Amino acid sequence: IRWSTDEMQPDKGLEMTVALRETDAGQGVPGNFRALATFNFIYQ
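Residues 317 to 360 in this note's numbering are what the sequence shown lists, from first letter to last.
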């Protein structure tokens, strides 16, 4: 991924899409939810 200078600003960012999967089969419930994801990057 190559970020532009604008995307590196604290009030901007890089849009990402994630896939959520059940960790226990059959336990998912449809509806609204909130989630927190942490991404680790190495800058070169």
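These are calculated hints, taken from the structure and not from any lab test.
On a predicted model such as this, the values are computed, not experimentally measured, just so you know.
We put the beta carbon where it would ideally sit given N, CA and C, even for glycine.
Treat the hints with caution; some may be incorrect.
As the list claims (entries may be wrong) - Just the calculated beta-carbon pair ranges, DEER-fashion:
hint : residue 1 : residue 2 : range
1    : 325       : 354       : 17 to 25 Å
2    : 344       : 324       : 18 to 26 Å
3    : 320       : 342       : 36 to 44 Å
4    : 346       : 325       : 34 to 42 Å
To see whether the hints hold, each was checked on the structure:
no., hint, verdict
1, 325 - 354: 17 to 25 Å, "holds, 20 Å"
2, 344 - 324: 18 to 26 Å, "violated, 35 Å"
3, 320 - 342: 36 to 44 Å, "holds, 43 Å"
4, 346 - 325: 34 to 42 Å, "holds, 36 Å"
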